[in-house]
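> Listed below are the residues making up each chain.
2 protein chains.
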Amino acid sequence: MGTRPRPSSSRRAGAGAPGESEAYAGLLARAREAGLLASTGFLLAWDQEVAMPPAGAALRSEQAALLSALVHERRTAPDLGDALAACEADAELMAEGAAAANVRSLRREYDRAVLLPAPLVRETARAGALAVHHWRAAREVDDMTSFTPWLQRNVNLAREAAAALGAPPGGEPYDALLENHEPGMRAAEVDRLFGALRAGLVPLVGALREAAAPGTEWMGIRWPVEAQAAFNRAVAGRMGFDLDAGRLDVSTHPLCVGVGPGDTRLTARYDPARLLGALHGTMHEAGHGLYEQGLPKAERLGQPLARPASTGFHESQARLWENFVGRGRPFCAWMLGELQRRVGSPEVAALDVDAVYRGLNVVRPGPIRVESDEATYNLHVMLRFDLERALLRGDLSAADLAGAWNERMRADLGVTVSTAREGALQDIHWAMGSFGYFPTYTLGNLYAAQLWESLGRALPGMDADLARGEFGGVLNWLRAHVHAHGRRYSPPELCARATGGPLSHEPLLRYLDTKLRAVYRLDT
Amino acid sequence: MGTRPRPSSSRRAGAGAPGESEAYAGLLARAREAGLLASTGFLLAWDQEVAMPPAGAALRSEQAALLSALVHERRTAPDLGDALAACEADAELMAEGAAAANVRSLRREYDRAVLLPAPLVRETARAGALAVHHWRAAREVDDMTSFTPWLQRNVNLAREAAAALGAPPGGEPYDALLENHEPGMRAAEVDRLFGALRAGLVPLVGALREAAAPGTEWMGIRWPVEAQAAFNRAVAGRMGFDLDAGRLDVSTHPLCVGVGPGDTRLTARYDPARLLGALHGTMHEAGHGLYEQGLPKAERLGQPLARPASTGFHESQARLWENFVGRGRPFCAWMLGELQRRVGSPEVAALDVDAVYRGLNVVRPGPIRVESDEATYNLHVMLRFDLERALLRGDLSAADLAGAWNERMRADLGVTVSTAREGALQDIHWAMGSFGYFPTYTLGNLYAAQLWESLGRALPGMDADLARGEFGGVLNWLRAHVHAHGRRYSPPELCARATGGPLSHEPLLRYLDTKLRAVYRLDT
Numbered sequence: 001m002g003t004r005p006r007p008s009s010s011r012r013a014g015a016g017a018p019g020e021s022e023a024y025a026g027l028l029a030r031a032r033e034a035g036l037l038a039s040t041g042f043l044l045a046w047d048q049e050v051a052m053p054p055a056g057a058a059l060r061s062e063q064a065a066l067l068s069a070l071v072h073e074r075r076t077a078p079d080l081g082d083a084l085a086a087c088e089a090d091a092e093l094m095a096e097g098a099a100a101a102n103v104r105s106l107r108r109e110y111d112r113a114v115l116l117p118a119p120l121v122r123e124t125a126r127a128g129a130l131a132v133h134h135w136r137a138a139r140e141v142d143d144m145t146s147f148t149p150w151l152q153r154n155v156n157l158a159r160e161a162a163a164a165l166g167a168p169p170g171g172e173p174y175d176a177l178l179e180n181h182e183p184g185m186r187a188a189e190v191d192r193l194f195g196a197l198r199a200g201l202v203p204l205v206g207a208l209r210e211a212a213a214p215g216t217e218w219m220g221i222r223w224p225v226e227a228q229a230a231f232n233r234a235v236a237g238r239m240g241f242d243l244d245a246g247r248l249d250v251s252t253h254p255l256c257v258g259v260g261p262g263d264t265r266l267t268a269r270y271d272p273a274r275l276l277g278a279l280h281g282t283m284h285e286a287g288h289g290l291y292e293q294g295l296p297k298a299e300r301l302g303q304p305l306a307r308p309a310s311t312g313f314h315e316s317q318a319r320l321w322e323n324f325v326g327r328g329r330p331f332c333a334w335m336l337g338e339l340q341r342r343v344g345s346p347e348v349a350a351l352d353v354d355a356v357y358r359g360l361n362v363v364r365p366g367p368i369r370v371e372s373d374e375a376t377y378n379l380h381v382m383l384r385f386d387l388e389r390a391l392l393r394g395d396l397s398a399a400d401l402a403g404a405w406n407e408r409m410r411a412d413l414g415v416t417v418s419t420a421r422e423g424a425l426q427d428i429h430w431a432m433g434s435f436g437y438f439p440t441y442t443l444g445n446l447y448a449a450q451l452w453e454s455l456g457r458a459l460p461g462m463d464a465d466l467a468r469g470e471f472g473g474v475l476n477w478l479r480a481h482v483h484a485h486g487r488r489y490s491p492p493e494l495c496a497r498a499t500g501g502p503l504s505h506e507p508l509l510r511y512l513d514t515k516l517r518a519v520y521r522l523d524t
Numbered sequence: 001m002g003t004r005p006r007p008s009s010s011r012r013a014g015a016g017a018p019g020e021s022e023a024y025a026g027l028l029a030r031a032r033e034a035g036l037l038a039s040t041g042f043l044l045a046w047d048q049e050v051a052m053p054p055a056g057a058a059l060r061s062e063q064a065a066l067l068s069a070l071v072h073e074r075r076t077a078p079d080l081g082d083a084l085a086a087c088e089a090d091a092e093l094m095a096e097g098a099a100a101a102n103v104r105s106l107r108r109e110y111d112r113a114v115l116l117p118a119p120l121v122r123e124t125a126r127a128g129a130l131a132v133h134h135w136r137a138a139r140e141v142d143d144m145t146s147f148t149p150w151l152q153r154n155v156n157l158a159r160e161a162a163a164a165l166g167a168p169p170g171g172e173p174y175d176a177l178l179e180n181h182e183p184g185m186r187a188a189e190v191d192r193l194f195g196a197l198r199a200g201l202v203p204l205v206g207a208l209r210e211a212a213a214p215g216t217e218w219m220g221i222r223w224p225v226e227a228q229a230a231f232n233r234a235v236a237g238r239m240g241f242d243l244d245a246g247r248l249d250v251s252t253h254p255l256c257v258g259v260g261p262g263d264t265r266l267t268a269r270y271d272p273a274r275l276l277g278a279l280h281g282t283m284h285e286a287g288h289g290l291y292e293q294g295l296p297k298a299e300r301l302g303q304p305l306a307r308p309a310s311t312g313f314h315e316s317q318a319r320l321w322e323n324f325v326g327r328g329r330p331f332c333a334w335m336l337g338e339l340q341r342r343v344g345s346p347e348v349a350a351l352d353v354d355a356v357y358r359g360l361n362v363v364r365p366g367p368i369r370v371e372s373d374e375a376t377y378n379l380h381v382m383l384r385f386d387l388e389r390a391l392l393r394g395d396l397s398a399a400d401l402a403g404a405w406n407e408r409m410r411a412d413l414g415v416t417v418s419t420a421r422e423g424a425l426q427d428i429h430w431a432m433g434s435f436g437y438f439p440t441y442t443l444g445n446l447y448a449a450q451l452w453e454s455l456g457r458a459l460p461g462m463d464a465d466l467a468r469g470e471f472g473g474v475l476n477w478l479r480a481h482v483h484a485h486g487r488r489y490s491p492p493e494l495c496a497r498a499t500g501g502p503l504s505h506e507p508l509l510r511y512l513d514t515k516l517r518a519v520y521r522l523d524t
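Going down the list, the protein sequences come from chains A and B. If you use UniProt numbering, the first sequence corresponds to residues 1 to 524, in order. If you use UniProt numbering, the second sequence corresponds to residues 1 to 524, in order.
It is worth saying that the hints were derived from the structure and are not from the lab. Since the model is a prediction, treat every value here as computed from it, not as a measurement. Glycine included, each C-beta is placed from N, C-alpha and C at the ideal position. Don't take every hint at face value.
Which chain A residues face chain B? A few, computed with CB under 7 Å, are given here [said to hold, decoys possible]:
1) 62
2) 230
3) 234
Chain B residues, not near chain A, derived (Cβ > 10 Å throughout) [as the list claims (entries may be wrong)]:
4) 37
5) 49
6) 52
7) 53
8) 54
9) 56
10) 247
11) 265
12) 270
13) 298
14) 341
15) 386
16) 523
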């Protein structure tokens, strides 16, 4: 903690513009304070999911709102603008890649933050914390109506924020919110990528629906929760997740919270009636956690260089470990050996790798996004993207959301939604006031597929390693090509540096097509 | 949440001093914001004990320091001084008891806070969080030496703070720190009370040492931790602790953290080899918790009226439930019935109330404060009071502390301390940078004894109620006479209102003398 940003920061620049490096040091000190406040907010959020008693909800919403306001205050302070200008005028400073990246990223953040009125920021945080509380209650009794006013309030606040931020040239209001999660991405570009993906996915899913699905009865083998938790802990540790610098708890919704340096917290949800019920969820969250632990936070807390490149890149790390590793044949081989050692039942002893691998990759359209397979998952995301875009344009009201949702589920996935809990109440995002987040799930899949192709080229022995439970090669490559850079490069730059090209729908389609046709034993 | 402070707050006062009630509303808004920040700090502290991974310590110390600095900033803002002056000039406002009490208490706080330099406040919080980390490590390996520099740094910072605050007229530097915990109390008065108590305690403990002690073998009956935890939870609930607005967890050191309205958290430490190993610790923390839940925090968050009267009064609530209720004969009668129902073993079935009651009240000098009995506990506290006074005067250095401690243990309690862990490393307080806190433990016992006598007069049927496990009468009396008032009255005023007189050593001596002579079957 507290390491100086760079050796040259004590240097004084001359001629008429003194103290630029002091300006940079000041900039980093401010970023660090905002980072400390943000990290405190992350802890509040973790606690809300894992520990907070029910009656603590009102207090929590006020604490969260106050912290948001304090972070916003620091990100919009007038002398922060002065410090930025002084840094930008310092040619020597701006010639250094790391410093320049920090300054540019803080500049973008500042220019956006000053457009948001402080009361709106505070009210958005407060409304979000309260709406989550009411969303939970509404889910409990499966009643969309009681949640509708809270949702509409969040939509209205998001519309206000989008209006205040303004659309980019040639863009739309939605873009202003998408920018929070995927810097530089535009709704039109998401549309293009999703359209191309959809054009390949729909026939693939159709073909699989006609074919005989592999058996999944073995998934219902019982295994006590404690033994599952010990296995999950072992897998996370083996992936490289440092449990002395993190936790793995139980919560209703699996999550990863990167509180700050030395403190990254995962949760999982267990079911003793499902042999691997929590494993892939844990690998997903551990994938997020590895990214958090791989960022240079201890030295650079609060700096853009210590923050993830984008929500999409964050998701790519989770999906890469969950699906590309965790649902791959080599991993299944290692995992089955471990299971047979740990469970010690004849049922598990009788399993073979092929059955496990095929069972883990069954494609079956269903109402719940987080329970869906690698292929149809993306159709869920596209639905949400279109609906939240309509909410933000004002073309759809919160009161009409459930109807639109259910209709689209029928059209896209052939699924009839019978309860709100299995429909529009299933996700927490809009309750939290998070709009423009959903597309990053599929963007994450696209990044993951593209990174996976690069990994395959870079590590010829990867499959053999994974089959032995050796994950260090994959992690080291991700550390070097993604984690270590933080926000140094924009998502398109990072994508190009790590994978050699721009983001495309092709690697994911190639991967799904090859894998799923083989799993279903279809001719390709 | 967010209730307006009082109906008249929109009133405007006339003639040359406009807006006093606005000033009062502003005062309360500031207090609320400081309260929200403080409540966030309380959550960080709870998390540090219960959940934080080891590698998170450095981040936590910075978060804690920043929050302390932000609270201090709010408590010393120049326009807070203006608002206070405007309120004080408003005769109508100051004629209202509740408002006047808030204003006077915030004035005292402000006048003290502005004397403390902000860097000292921040450094004290940071040093405390780090020292706790090193204290824990030193305890682990039982090595006082490695903790000495951290302790000396805390002592030096406390001396700086005492010097900045200044001693009260006729007082000493220690008083400036004691004021943080027991407003209005002075070291000289503590000396007087402790001296009188000691004069009665020492011969009593001597007489008991000569007598045959009741048997305690039954305490070693084994009971699984889960069953103990369920029982403790039931007892806390029966005492009136609202578990929907709180938690009961496991931690190395039992604690109570009143995070804020709707969120009060207790912990306990279990041992399956001790039948009641965690019960009295839980009753102690639940006593603290009932005080926290009884303060009008939801309406008055951050106001003095929603804060405990003093650390001594807080402790009195814990000790009253732990000892006066929990180690009393009526409670033992109810508890034994419950135990016999829950444990269902022949050993427990064979126990009789008299044996349980007498066993729970054995007096046995030992090295550890938190494990000591009701009588010798106070000798532990007196030792710490004298040693921390010497540390703060500069008459004792951290390097010489362990020697002085061990010598005094031999002289006062006839106990030979064989390890640092059982000696000067046993308590967390000095590691946290908390000086002037220890005397409040015995002050708490004195308040508790005095409240207990009043309770006995006010509730003639109390013993019969307690024997039936009916604790509502005791709680309601404490709610009305202590909890509801918050900091409205000074500790001496509150003591006089609740008990009819000033704090005295006599009720505690009377109680201990009567009870222990009966337990030991000595002639009185």
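> Going through the earlier hints one by one, which of them does the structure break, listed in rising order?
2, 3, 4, 6, 7, 8, 9, 10, 11 and 13
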